[in-house]
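Peer 1: For reference, each letter of the sequence shown is one residue, going 41 to 190 in this note's numbering.
The set of hints was computed from the structure by calculation and includes no laboratory data. It cannot be assumed that every hint is accurate.
Stated by the list, open to error - Derived pair list, reagent style DSBU-like, types lysine-lysine, alpha-carbon separation capped at 35 Å:
| # | residue 1 | residue 2 |
| --- | --- | --- |
| 1 | K165 | K91 |
| 2 | K123 | K165 |
| 3 | K109 | K165 |
| 4 | K123 | K172 |
| 5 | K91 | K115 |
| 6 | K165 | K77 |
| 7 | K123 | K91 |
| 8 | K77 | K115 |
| 9 | K165 | K74 |
| 10 | K165 | K115 |
| 11 | K176 | K123 |
| 12 | K74 | K91 |
| 13 | K115 | K74 |
| 14 | K77 | K109 |
| 15 | K123 | K74 |
| 16 | K109 | K123 |
| 17 | K165 | K176 |
Said to hold, decoys possible - Label pairs and their in silico Cβ distance ranges:
| # | residue 1 | residue 2 | range |
| --- | --- | --- | --- |
| 18 | E163 | N92 | 19 to 25 Å |
| 19 | Y57 | I142 | 35 to 41 Å |
| 20 | N111 | Y57 | 28 to 34 Å |
| 21 | P112 | N132 | 26 to 32 Å |
Every residue, glycine too, gets a C-beta built ideally from N, C-alpha and C.
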Amino acid sequence: MDAELTEIELLNMDGEYLESAAFNEDIIIRMYVKFNKECSVVVGYHIRDNKNIEILGTSTLFEGLGEIKGNPGDKMIVEFETKVPLTEGIYNISTVISTPTIHNRAALFVDYTENAIIFNVSENKDSRVWNKVYIKNGVRLARSWEETLS
41 MDAELTEIEL
51 LNMDGEYLES
61 AAFNEDIIIR
71 MYVKFNKECS
81 VVVGYHIRDN
91 KNIEILGTST
101 LFEGLGEIKG
111 NPGDKMIVEF
121 ETKVPLTEGI
131 YNISTVISTP
141 TIHNRAALFV
151 DYTENAIIFN
161 VSENKDSRVW
171 NKVYIKNGVR
181 LARSWEETLS
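Build the full structure now, drawing on both the sequences and the hints.
Peer 2: Rendered as structure tokens:
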């Protein structure tokens, strides 16, 4: 294994461990990566629902950090800050460390961990979320059909 995930943490923005997150809460996914060989890798994660359907996720490549270069024995921490705009329920985080073989199309998995963390998202108390994911929308209102929206 060229590089490996040795630990993962799910944290709130104060750095405290989470087992449950509030709807739309800001969270930190902290991944500890150890390099066993000189290599360049992409580090990423997927948040999946209770049916293992991927809902959210990203990687160092997608976020513009690119491939991370390391030498044997190097230990690095990769942190992703995100939100959980998810309906209430149980979710899991799967992690992937890969080496791209065809840019943005194919990769060789170096290390992959399913269900690295299992956590709960609590119900939104203000208004129930009926979809799996909620993304904020802009909304306008015309009080008549003759009024123009601008």
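Peer 1: If a hint holds in the structure, say so; if it does not, say that too.
Peer 2: Evaluated hints:
no., hint, result
1, K165 to K91, "holds (24 Å)"
2, K123 to K165, "holds (17 Å)"
3, K109 to K165, "violated (44 Å)"
4, K123 to K172, "holds (14 Å)"
5, K91 to K115, "holds (33 Å)"
6, K165 to K77, "violated (48 Å)"
7, K123 to K91, "holds (20 Å)"
8, K77 to K115, "holds (12 Å)"
9, K165 to K74, "violated (40 Å)"
10, K165 to K115, "violated (41 Å)"
11, K176 to K123, "holds (12 Å)"
12, K74 to K91, "holds (30 Å)"
13, K115 to K74, "holds (5 Å)"
14, K77 to K109, "holds (10 Å)"
15, K123 to K74, "holds (26 Å)"
16, K109 to K123, "holds (27 Å)"
17, K165 to K176, "holds (16 Å)"
18, E163 to N92: 19 to 25 Å, "holds (22 Å)"
19, Y57 to I142: 35 to 41 Å, "holds (38 Å)"
20, N111 to Y57: 28 to 34 Å, "holds (30 Å)"
21, P112 to N132: 26 to 32 Å, "holds (31 Å)"
Violation of the numbered hints given earlier is confined to hints 3, 6, 9, 10; the remaining hints are satisfied by the structure.
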